[in-house]
Structure formats: structure tokens, C-alpha cells
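Peer 1: So the protein sequences, as listed, match chains A and B. All residue numbers in the first sequence are consecutive under full-length UniProt numbering, ending with 214. All residue numbers in the second sequence are consecutive under full-length UniProt numbering, ending with 214.
Derived from the structure by calculation, the hints contain no laboratory data. Quantities reported herein were computed from a predicted structural model and do not represent experimental measurements. Be aware that a few hints might be false.
Because identical chains share one entry, a pair is satisfied inside a single copy or across any pair of copies.
Okay, derived cross-link-like pairs now, SDA-like style, lysine to any residue, Cα gap no bigger than 25 Å in a straight line [to be verified]:
| # | residue 1 | residue 2 |
| --- | --- | --- |
| 1 | K170 | A148 |
| 2 | K170 | L185 |
| 3 | K170 | E60 |
| 4 | K62 | G210 |
| 5 | K36 | T82 |
| 6 | K170 | R188 |
| 7 | K36 | D65 |
| 8 | K62 | L169 |
| 9 | K62 | D38 |
There are 2 protein chains.
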Amino acid sequence: MREEFRADLLQVGRTLVAMAEAIQAAMQRATHALLKADQTDAEQVCDRDAEIDALYRIVEDKVYDVIARQAPVASDLRMVLTALHVAGDLERMGDLAKHVARAALRRHPAPVIPSELTEVVERMGEVADQLAGKIAIALINLDAVVAAQLERDDDVMDELHRQLLNTILKPDWPHGVETAVDAALLGRFYERYADHAVNVSRHVIFLVTGENAA
Amino acid sequence: MREEFRADLLQVGRTLVAMAEAIQAAMQRATHALLKADQTDAEQVCDRDAEIDALYRIVEDKVYDVIARQAPVASDLRMVLTALHVAGDLERMGDLAKHVARAALRRHPAPVIPSELTEVVERMGEVADQLAGKIAIALINLDAVVAAQLERDDDVMDELHRQLLNTILKPDWPHGVETAVDAALLGRFYERYADHAVNVSRHVIFLVTGENAA
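Bound-form chain A, shown alone:
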């Protein structure tokens, strides 16, 4: 029973890592699509979101199956249900990458991001990439130290988000309201992506240490 339970957990863990890798690739591609007005990349992110959703359902089904077959209690039960929370956050991060990709298509072939914002969006994409990469590592190694780093990365994301809004709201902003609104919503997608990454990291810390980081 115990052996079987461990094997089940390992399988759930592997699926979560696959999800983390998928949402990392999705946001990489979405950011590229956004900065380079790349239609193929943007469409691929939208199309492949279904794969992330399918991985979510695999985790969910497996978790239900494990609970029904193994009736775990105490820390085993918490561990299994935590996997469900992690999968939920990762699924939502996939949605946010899709939102970015859709925004990239909105005025194709014209770019959505004006040159004043290219650098800050590039950096938001980099931070998103680091966050997703660290999630994968934290999940593979159940590493609370890596997981704890995500809070700092999230602070960087918040700072970049503030920079983006400040640029938009300068009195001499030359690109009008529509571009500003698009950029503000895009900024929010990256910021939410980082928030969900932090949620995942807190779940990993809880799994490893048994303590709530929140």
C-alpha cells in the first residue's frame, strides 16, 4: 500500500512538472509573439493551452483515484490535495500565457507594445520565465529553498509592473488610450502569472516543511 502510494505520488509529481514546463514554454512563446508580432508563436500558445488543461485533468483524476483507493490521512492527504492546488495554479498560469498571446494577435501585424515599453515587457517575460523554471526545479527536488526565492522574483515583477504603469501614465505618453489600456492589461497578466507562481511555491514549502509560508 505504502509503496503503491509513493508510486502514485511520483506520477502526480511528474505530471505537475510537465505542467510547469508547459506553462514556462507557453509564456516564453507568448512574450516572443508579443515583442516580435509573431503570429505563428501566438497561435501555437492558444492551441496548446488545451494540453495544459488536459494535464490538469490528469492530476485531478489521479488525485481522486488515489484518495478513493488509498484513503490517505493526515500529512499524506494534505500532500495529495496540495497537488490539486498546485495544478490549479499552473492551469491558470497557462490561461494567462494564452491571454498574452491573444493580445499579441489583436493588431497583427502591427505591434501591440510600443518601443518605450519593449524593455520592461522583455524583463517581465524574463522574470516570468525564471519563476516558471524555479517552479519546475522546486517540484522536481521538493526544494523549499528554491521555492522561497520566488517571493523575491515576484517583488521584481511587481516593480516592473509599476514601471510599466508609470510609463503609460506619463503626461507625454504619445500612443493614446488604446495602446495604454492594452499595455496595462498585459502588465496585469504578467503580474498575475507571478502571483500564481508564488502560490505554487508556498504549496511546495508547505509540502516540504509542513509550515504555511503565507
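Chain A is fixed; fit chain B onto it per the hints.
Peer 2: For chain B alone, coordinates are given in the frame of chain A:
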């Protein structure tokens, strides 16, 4: 055991209804704060979000407790875990009401919403209120018919959201970029609130009919 399980479910159900009522009141108050620049209301929404979070944790603890004590399987297990999903959506709806309340405070005592947008925001508030009210009814009666109505209400919310964006993006918009960006983000908060309401309704439909509505 069966009797006890029913009593547990009833208690979880009651807590979910309390959450639904709390997030309905929160969004009512947040919309009022937004339209009337009412600082007291806005602060109350922010302060009382902790109560909604506490209700979420009560549901979570109870669900864990029920699974550990009763080891439910099959449809019983699905029902218990669905409650966890519903609580998650309701908790997030509380956060979105808090975001609206915070936006209302941002330029207090000056209003955040210019007169051109008062009506559409009022209507978004009304639809949010209907959605939350129907969630409470659907949860109390486990009513799939009421739950199914939420998809239509969500369509109305999406249409209002489009109207709001169209108004902001008119070439003769007189209020500048900052007001437009604030309004666009507010529109998104209401739209997300409605999305989460639809998620809850789908969970209720699944509970009642055993079929996925998504």
C-alpha cells in the same frame, strides 16, 4: 457513518452559502464605494475580506477532516472535493471585490469613474449582484436550473465589459489615459468576478446532474 457524512456535507454547504452571501455583500459595497466615492464602504470591504478568507479555510479544514474520517469514495468524494473548488472560486470573488474597493480609494475623494461610465459600471454591479445572489440560491437548493442561468448573466457581463471598453477607446474620450486604464482594470475585475461565478455554477450543475457543463 452515512448520517454523519450527511451532517458534514450540510455544514460544508452552509459555510459555502455564508461565503456566497459575504462575497455578494462585498461587491455590492465595493460598487457603491466606487460610484459614490464612499471611503467607509471601501475600507469595510478591504477589512472584511479576511472573514471570507477565514470561511475558505473552514471549508478546507472540514473537507480534509471529512475525507480523513469518512474516506468517501466515488460520487461522495467528488462532492466533497467539488466543495473545495467552489470555496476557491468564492474566495477569489472576494479578492476581486477588494480590488474594486481599493480602486475606489485610489483618488479619494475624487471619483475614479467619470460620468460617461457611471451607468455601465452600475449595471456591471447589478449583474455581479444577481450572479452572487443566484449562486447562494443554487447552493442552498442545489438547483441546477438556477445555476444554468448564470451563463446568460455572464454573457450580459461580457457585453457590458465590451461597452465599457468601447467608451474608453472612443477617439473623443476626454478623461485621459489614467482614468481609462483604471476603468479598463475595473472592467476586468467585474468580468473575472462573473467568470468565477460561472465556475461555481458549473460545479453546482456537476453536483446535481453528475455531468460536466464546461
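Peer 1: None of the hints should be skipped; say for each whether it holds.
Peer 2: Results for each hint:
1. When the C-alpha separation of K170 and A148 is checked against a cutoff of 25 Å, the pair qualifies neither within a copy, at 35 Å, nor between copies, at 45 Å.
2. In this homomeric assembly, K170 and L185 come within 25 Å of each other (Cα to Cα) both inside a single copy, at 17 Å, and across copies, at 18 Å.
3. Proximity of K170 to E60 under the C-alpha cut-off of 25 Å is found in neither arrangement, the shortest distances being 46 Å within a copy and 45 Å between copies.
4. Within a single copy, K62 and G210 get their C-alpha atoms as close as 23 Å, and across copies as close as 18 Å, so both meet the 25 Å cut-off.
5. Within a single copy, K36 and T82 get their C-alpha atoms no closer than 38 Å, and across copies no closer than 41 Å, so neither meets the 25 Å cut-off.
6. Proximity of K170 to R188 under the C-alpha cut-off of 25 Å is found in both arrangements, the shortest distances being 18 Å within a copy and 23 Å between copies.
7. Taking the shortest Cα distances, K36 and D65 never come within 25 Å of each other, neither inside one copy (44 Å) nor across copies (51 Å).
8. Taking the closest pair of Cα atoms, K62 and L169 never come within 25 Å of each other, the shortest separation being 47 Å inside a single copy and 46 Å across copies.
9. Taking CA atoms no more than 25 Å apart as the test, K62 paired with D38 passes in neither setting, with 37 Å inside one copy and 48 Å between copies.
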